[in-house]
Each structure stands twice: as C-alpha cells, then as structure tokens.
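The residues making up each chain are set out below.
Protein chains: 2
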Amino acid sequence: MMKLGAFLPAPGHHVAAWRHPNAYPQGCLDFDYYRRLAQTAERGKFDMIFLSDGAGVRTHYRNAEELSRQGRMVHFEPLTLLSALAVHTTNIGLAATASTSYNEPFNVARKFASLDHLSHGRAGWNVVTSATDAEARNFNLEQQAAHADRYRRSREFIEVVAGLWDSWEDDAFTYDKESGRFFDPDKLHILGHKGEHFSVRGPLNVARPPQGHPVIVQAGSSPDGQAFAAQWAEVVFTVQQTLEQAQDYYRGMRKQIADAGRDPEHVKILPGAFIVIGRTQAEAEDKYETLQDLVDPVLGLSLLTAQLGDIDLSGYPLDEPLPELPPTEGSTSKQQMIYQQAKREGLTLRELYKSVSAGRGHRRLIGTAETIADDLEEWFLNEAADGFNIMPDYLPDGLDDIVELLVPELQRRGLVRTEYDGRTLRDNLGLPRPAFAR
Amino acid sequence: MMKLGAFLPAPGHHVAAWRHPNAYPQGCLDFDYYRRLAQTAERGKFDMIFLSDGAGVRTHYRNAEELSRQGRMVHFEPLTLLSALAVHTTNIGLAATASTSYNEPFNVARKFASLDHLSHGRAGWNVVTSATDAEARNFNLEQQAAHADRYRRSREFIEVVAGLWDSWEDDAFTYDKESGRFFDPDKLHILGHKGEHFSVRGPLNVARPPQGHPVIVQAGSSPDGQAFAAQWAEVVFTVQQTLEQAQDYYRGMRKQIADAGRDPEHVKILPGAFIVIGRTQAEAEDKYETLQDLVDPVLGLSLLTAQLGDIDLSGYPLDEPLPELPPTEGSTSKQQMIYQQAKREGLTLRELYKSVSAGRGHRRLIGTAETIADDLEEWFLNEAADGFNIMPDYLPDGLDDIVELLVPELQRRGLVRTEYDGRTLRDNLGLPRPAFAR
Numbered sequence: 001m002m003k004l005g006a007f008l009p010a011p012g013h014h015v016a017a018w019r020h021p022n023a024y025p026q027g028c029l030d031f032d033y034y035r036r037l038a039q040t041a042e043r044g045k046f047d048m049i050f051l052s053d054g055a056g057v058r059t060h061y062r063n064a065e066e067l068s069r070q071g072r073m074v075h076f077e078p079l080t081l082l083s084a085l086a087v088h089t090t091n092i093g094l095a096a097t098a099s100t101s102y103n104e105p106f107n108v109a110r111k112f113a114s115l116d117h118l119s120h121g122r123a124g125w126n127v128v129t130s131a132t133d134a135e136a137r138n139f140n141l142e143q144q145a146a147h148a149d150r151y152r153r154s155r156e157f158i159e160v161v162a163g164l165w166d167s168w169e170d171d172a173f174t175y176d177k178e179s180g181r182f183f184d185p186d187k188l189h190i191l192g193h194k195g196e197h198f199s200v201r202g203p204l205n206v207a208r209p210p211q212g213h214p215v216i217v218q219a220g221s222s223p224d225g226q227a228f229a230a231q232w233a234e235v236v237f238t239v240q241q242t243l244e245q246a247q248d249y250y251r252g253m254r255k256q257i258a259d260a261g262r263d264p265e266h267v268k269i270l271p272g273a274f275i276v277i278g279r280t281q282a283e284a285e286d287k288y289e290t291l292q293d294l295v296d297p298v299l300g301l302s303l304l305t306a307q308l309g310d311i312d313l314s315g316y317p318l319d320e321p322l323p324e325l326p327p328t329e330g331s332t333s334k335q336q337m338i339y340q341q342a343k344r345e346g347l348t349l350r351e352l353y354k355s356v357s358a359g360r361g362h363r364r365l366i367g368t369a370e371t372i373a374d375d376l377e378e379w380f381l382n383e384a385a386d387g388f389n390i391m392p393d394y395l396p397d398g399l400d401d402i403v404e405l406l407v408p409e410l411q412r413r414g415l416v417r418t419e420y421d422g423r424t425l426r427d428n429l430g431l432p433r434p435a436f437a438r
Numbered sequence: 001m002m003k004l005g006a007f008l009p010a011p012g013h014h015v016a017a018w019r020h021p022n023a024y025p026q027g028c029l030d031f032d033y034y035r036r037l038a039q040t041a042e043r044g045k046f047d048m049i050f051l052s053d054g055a056g057v058r059t060h061y062r063n064a065e066e067l068s069r070q071g072r073m074v075h076f077e078p079l080t081l082l083s084a085l086a087v088h089t090t091n092i093g094l095a096a097t098a099s100t101s102y103n104e105p106f107n108v109a110r111k112f113a114s115l116d117h118l119s120h121g122r123a124g125w126n127v128v129t130s131a132t133d134a135e136a137r138n139f140n141l142e143q144q145a146a147h148a149d150r151y152r153r154s155r156e157f158i159e160v161v162a163g164l165w166d167s168w169e170d171d172a173f174t175y176d177k178e179s180g181r182f183f184d185p186d187k188l189h190i191l192g193h194k195g196e197h198f199s200v201r202g203p204l205n206v207a208r209p210p211q212g213h214p215v216i217v218q219a220g221s222s223p224d225g226q227a228f229a230a231q232w233a234e235v236v237f238t239v240q241q242t243l244e245q246a247q248d249y250y251r252g253m254r255k256q257i258a259d260a261g262r263d264p265e266h267v268k269i270l271p272g273a274f275i276v277i278g279r280t281q282a283e284a285e286d287k288y289e290t291l292q293d294l295v296d297p298v299l300g301l302s303l304l305t306a307q308l309g310d311i312d313l314s315g316y317p318l319d320e321p322l323p324e325l326p327p328t329e330g331s332t333s334k335q336q337m338i339y340q341q342a343k344r345e346g347l348t349l350r351e352l353y354k355s356v357s358a359g360r361g362h363r364r365l366i367g368t369a370e371t372i373a374d375d376l377e378e379w380f381l382n383e384a385a386d387g388f389n390i391m392p393d394y395l396p397d398g399l400d401d402i403v404e405l406l407v408p409e410l411q412r413r414g415l416v417r418t419e420y421d422g423r424t425l426r427d428n429l430g431l432p433r434p435a436f437a438r
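These protein sequences, in sequence, are chains A and B. FYI, UniProt numbering numbers position 255 of the first sequence as 255, with every residue one higher than the one before it. FYI, UniProt numbering numbers position 23 of the second sequence as 23, with every residue one higher than the one before it.
Possibly wrong hints are sitting among the right ones.
In this list, chains with the same sequence are indistinguishable; a pair is considered to hold if it fits within one copy or across any two.
[Unchecked claim] Taking lysine to any residue and the SDA-like style, the derived pairs with C-alpha atoms no more than 25 Å apart in a straight line are: (1) K187 / D259; (2) K187 / E169; (3) K177 / P434; (4) K255 / T371; (5) K343 / R155; (6) K194 / A145; (7) K343 / A435; (8) K343 / P317.
Bear in mind the hints are in silico, worked out from the structure with no lab data behind them.
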C-alpha cells in the first residue's frame, strides 16, 4: 500500500495560500481549524499528519516590511498542537519536527514518549538539525554550527534519545499494591551515556513508549542526511522533481539502508507532492494561476533566498538565468536540487522564485484526481516512492478536495487503504516495533 | 474570593496513595484518567490545575529496589498533558512547571505561548530552578549549579521569555489579504537580548499570548526564591505549617512585592493544603491511617532524604530526634521548614518521615468539610493566604470528595465562586493583563 503523509502547515503550502479568498490565515494559531484538518485527514485514512517546524522565524528577510509579506511566521509549537490533536483523533499518526541543534535529548525523549503514550502509539519524530542562522541567533549563537558538526551532534543526540526510551522494559511497571513495588527493579536500565556532546544518566521519567520508539522521520538529503537516514530513519521525506531522479534516490537510499545492516522494507520513502486538484484540468490550472497571481515579488525572492541557504540574491538580475551560487552552511542538498531544477527548465531567477514559491521546491502536481493518481501510481510502481508526503496548496479547501477526490481514486485503484490497519503509526506504516535494546 | 489550585500528581499526594485499593496507579500515563480529574476540578470551579515536574527521576534512591517502592517516577511531560487537557476543558487554568536550568528560554516562551493560544488564555508557568543533582545528570552535569547561580540564570531566563512574549504587539497580525501584509511591520519588535547566560535575538514565532503573558507561578521560598517571586510571580505556591508562620510569610512577601514596585493585590499567595476529607472526623482519620499504614519504611526515609536536599540519612538512628543537618545546594528553605516542624513537634526521624510522607512537607488537614473549611477560612481571613493549592490524598477519590463535600461548604460560606468569572486564568484570578512592554 502507498503510504500518505498529510503535511499541513496553515494556511497551506503555496506561499500566497493565505491570500486566497477561501483561506483562513488566522488558522496558524486556531485549534478548531487544525482539529478540522486532522479529522479530514483521518477521514481520508492518511498514515500521518506531518508538521514542520523552525526554532524561530526562518524566512530570509531584510526588514520587517519584507517579512510582513510572509503568510506563516507564527504558529503553534508542533508538539503542543499534536498533543491536543491526539485526543481528538483515533488512528492517524502524529509526526512533528524537533531540532537536535536547539534542544537537549532528555527533553526531546520525554516529549515524544509522552505524546506516544497520550496517543496510544501514534507519535513520530521528524529529526532535523535546523539550517538557518536565524534560528541559531535565538540560542546563544551568532551563526549556526557547520553542517557536518550539526550532524555529528545529531547522531549522538538520537543515540541518547533511543537509549532513554529504553530506560524501562515494556513490562517494567507492575503496580503491585501488595508488595509495594511499583515496578520490577530488574527492568530498570540506567543509560549512563557519556559522549562528545552529551552526558545523560537517565532513566527517563516516562515508561517505554507504546510503539517501543516513536517512528523516526528524517528529511535531510545531503550525504550526511542520507547516512543518518540509512542508520535511523523509518520514514524518509524527500524533495524529488523527476521520476528518474526519484528512482536514483530511492535505489540509492535503499542500498545505503541495506549497507547499514537494516531491511529497506522497514523504511518508507515519501517524496513531497505539492498538489493543486480540480474537477477538471482547467479548474486545477485556474486555481493554480489564482494562487500564482497572488505571489508578491518581494516575497518570492525572499523565499528563494531562504531555500538556497541565506544567500543574498538581491544583486542578481531577475530576468536572466540563475548564476552559479557560492557554497553555504545551510542545507546544501536543497540548494543543489533547486539549482538543478532551474538549469533543467532554463528558468530565470523570477521564474524560479515563482516556481519555488508554489511548492517550496517540491514537485508540483496540477490536475484532476485521475491525472494526479496516474502520476503518483507511476512513481509508486516504479521504485521511486513508497508513498508521498501530500502538500495541499491552501487549507482547508486543498485538503478537503484531496480527501473528496484524490483519495477515493487511489482507493479505487487499490493503492491506498480504505480502513486503518491498526491503532499505532507503526501498525499503519507496516513497521516493526523495536525490540528492547539492552 | 479564595483562589484554589488543584495540584494533581497521579496517583495523589500521599506517598502511599498508589497502594490504596481505590487508586489507579496506571493513571500517571493515562489521559482518560487525567481528563476526568481535570473535568472534576472544573466542575469544582477551581482556578487552575497545577502540575509539578522534574527533569528526571528526582527521588533519592540508593538502588533500583529502593526506587521501586516509589509510586510516581514516570508521568506525562506536563505541557504535553496540559495541551491535551486544554481541549477537553473550558474555563479552568492550566499551570505547569518548567525548569530554567534545563531548558532554553526560546523553547519555554514558545511552549507556554502556544498553550495560551490553544487554551484561549488559560496557561500558567510555574518557574523552577530545579533542585536535585539527579536532574543535572540528565543535562551534561555531574552536579547541579549552586543555588545562587541557578537563580541568577533564572532571572535572566524570565526576562528573555517575557521579552519574547512581547515580540509582537497584540494587534500586530492584520491578515490583510488585499495589501499582502500578514502583519503590521511597525508592530514587530526584535528582542536582541545579550546577557550573561543568553543571547536571544527573536522574534518569537508565536503571536502575543491571549493573556499578554501566561500567568507566572513561583514556589521558591529561599531568600533568592522570594526575591524572584517579588519581582515576577503572580501566584506564589508555598509550604506553610502554622497560621503564625503563614502570616509572617504572607506579610513579608507582600512587603517585598511592594518594595519591588508592584501591587501586592496582583500576587496571589497560595499555601499548599494536603487534604484528607471524610463525611465524619472518624472517617477522615480512618482514611488517613489506612494510607499511613501503607507507607513502606524504606520509601519514607528515602523521600525525607530527597526533601532535605540529597542528604544521606542512612546513618542516623530512626527513633531519636532529628540531628542538626549539613547545608545543601538543594532547596534550603524546604530543609529549614521540615527541620522546624520536627523540632516543634518533637518528632523522631521515623515520625518525621511518616509525617513528611503524607503531605510532602505541606500542612495536613484531616477532617470533615466543615472543619477543613474552618481552617482554610481562618487562614484566608487572617492574612495568611489568598487561597490554597489543594493537594488531595489519593486520586481520583480525594478530588471527587473535595468537589462534592468541601467546595459546596466553601461556596455556602461565600468564600469561593459558584461560576467562573471569565474565560482566562487572569480573569479568574483577578490579575491584570500585562501591557505591551516596549
């Protein structure tokens, strides 16, 4: 079965989404709006809701006027939101981003373990190292650590987190009123980690999560990111533009997973799919043009700058092809991806920012349920994807339409479920439950 | 009106609570159990739910066998739990503990701002500096920082948090689809904090909280703690055993608040009240004896050790009066409080640990609705308290009985509300909304 994430940043993925007449930009801090989205995604039998996050306002901007053109720089802290959604949903997975650069492993282990208990086994952690200086400046730094250093910290971080999740064996808590023993002392394990970045004794003050470990999601596509994913990820969220590119990535990633001694079937690779859906092709294209016409040029350029890793693009001519770019400490793979897209399609800077504005660098699918299902099916059946992280253009309409039109078409083709397989995210993704590690 | 907090650690405040036949020790990680507790407290028109927290297993223990006698060393991370409770309650305030020693101010500011938006203005932050080496060892330290150093960090920490909450003016977000301006650029304020412990640029990626700032709760009673409370606290949670002691504290605290240039009416002082309630005095005493009989001696001593700040008591004779104790880097005021109690009541170590086991050092009220209401009323009317942080013996029965028996008695006397005053925690506590600070 094709696995589907619902990637749901209010008010949608198109950068002008919030300006759409039907969009509700206040939704970024409105629980009722998010509850409705989550329940819609659950009605569509999505595997999980996916929430991105930044440890600060990440958008590149030169002044407040430029920033004010953005449609999303305030929003719920994602674990706060997912905790609340957990108790208004039943089956859908709940995956949130948390940074290994600006948190402590003990706190992250606790929060995701708590969410996993709260949701009866539906938590996922999207592990990021963060990629902007803007975030670093909220955490006592002038600029972020080098890419390789962030990943070194990240590798130690997740080891500590996984170790803390295994502080208590699954059946450690016996609650034996008679003997006065709350737990079996033989089933407590002190981590006692001492490493380059962290010294963490443990135990965690949360019982082992219902899933053993919450599902690990990873979205880094750089060599460091891929190596991390090969070792740890169970869901890989990736940016892929063409079938061939996606196949190369898919096969390469699965090889790396096998080389790391893991079963590639236990990792679900989900390229992002930015979707504009209509009842007819013309309706979809109209919808897309409506959104594109709402893109403010100042904003478009600002967003592209952020995607390319804080490179100042203000000196480059807008209507000539994109020049060679200097290297960056940001997300280098993303920069390459966007750069290749510009070359491939012969885009000017202006065309590129419009293109990037739409899907934030992700593949755009603009069409009917049938044409979009064709596209997704082709990738799914040809070793390019195990499923997709679905990115609606604007919310809530975009998700409503996907659930009303696209999901039934995929169900008719037998590509996605019509009922949930189980209660946990692992059950639904078909992932094994990690055995206790000591 | 008397203000009431519902201090609700599953399975209750008595250290043997979990062993009571009616207790549900699994409740520590069971949302439905907590939802019922929260809804009961809301039915009782409590001002807020109060959740304590530790950044690790805080109990003093020499080995796993000793630890296994504890009834509560795993539990939900409190913000995870309060986020979920926020969307199953309407009026009751939601106050959680977060440490200034083991978090970053940007993360704490975000989480409480998010909870305040999620709950439409019902969030409170109980600011603690943490007080055990056990927690420090989960955060790259061998032992905790000195008491004074923790408070110095704490003072800078809260300044940063308050500054981040004021990143955006209340009406900054205009969502103006026409002009393409999501917010008014003149209403964004960059913090740009650079201090001894923190460099934090901002802005926060959450809009100004509905309450302006979530309500600040503080529970430190040392001179540093009191100075902190005088400057920042809006609710003070305190341990007081006798009326005279409570009056001294109350008057002294209000004087310090006034000296700090604040209105003492804007700070609510709530001593803890450990309550065992029965329909008759005999029923209450029976209930208490049932719980006391369930205290494991190894556990009692271990708990006392933790309360006194990680002092090893294993060498002292159990049936002689408590000796002079060495100073500690833990919570010195708590140590003094317990020490004074032992002297006053002429307790042996064994008697003291039994006494401390019951209320964790807090004042015990064992009686009927009438006698307990008499006690609370006396303190409330005689400058000893603005209300109480109510600590039920075991849950859920203890809270059920308080809401069924004690609250109606207090209502009959006109001491507590019969309906909520408003929707926000500030409305209900009668606290002003902080003006935008720049």
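Cross-check of the supplied hints:
For the homomeric pair K187 and D259, neither the shortest alpha-carbon distance inside one copy (33 Å) nor that between copies (53 Å) is at most 25 Å. In this assembly of identical chains, K187 and E169 lie within 25 Å of each other by CA distance solely inside one copy; the values are 5 Å within and 51 Å between copies. In the homo-oligomer, the alpha carbons of K177 and P434 never lie at most 25 Å apart, since the shortest distance is 30 Å inside one protomer and 48 Å across protomers. When the C-alpha separation of K255 and T371 is checked against a cutoff of 25 Å, the pair qualifies neither within a copy, at 31 Å, nor between copies, at 73 Å.
In this assembly of identical chains, K343 and R155 lie within 25 Å of each other by CA distance neither inside one copy nor across copies; the values are 34 Å within and 53 Å between. When the C-alpha separation of K194 and A145 is checked against a cutoff of 25 Å, the pair qualifies both within a copy, at 21 Å, and between copies, at 19 Å. Taking the shortest alpha-carbon separations for K343 and A435, neither the intra-copy value of 47 Å nor the inter-copy value of 52 Å comes in at or below 25 Å. In this assembly of identical chains, K343 and P317 lie within 25 Å of each other by CA distance solely inside one copy; the values are 16 Å within and 81 Å between copies.
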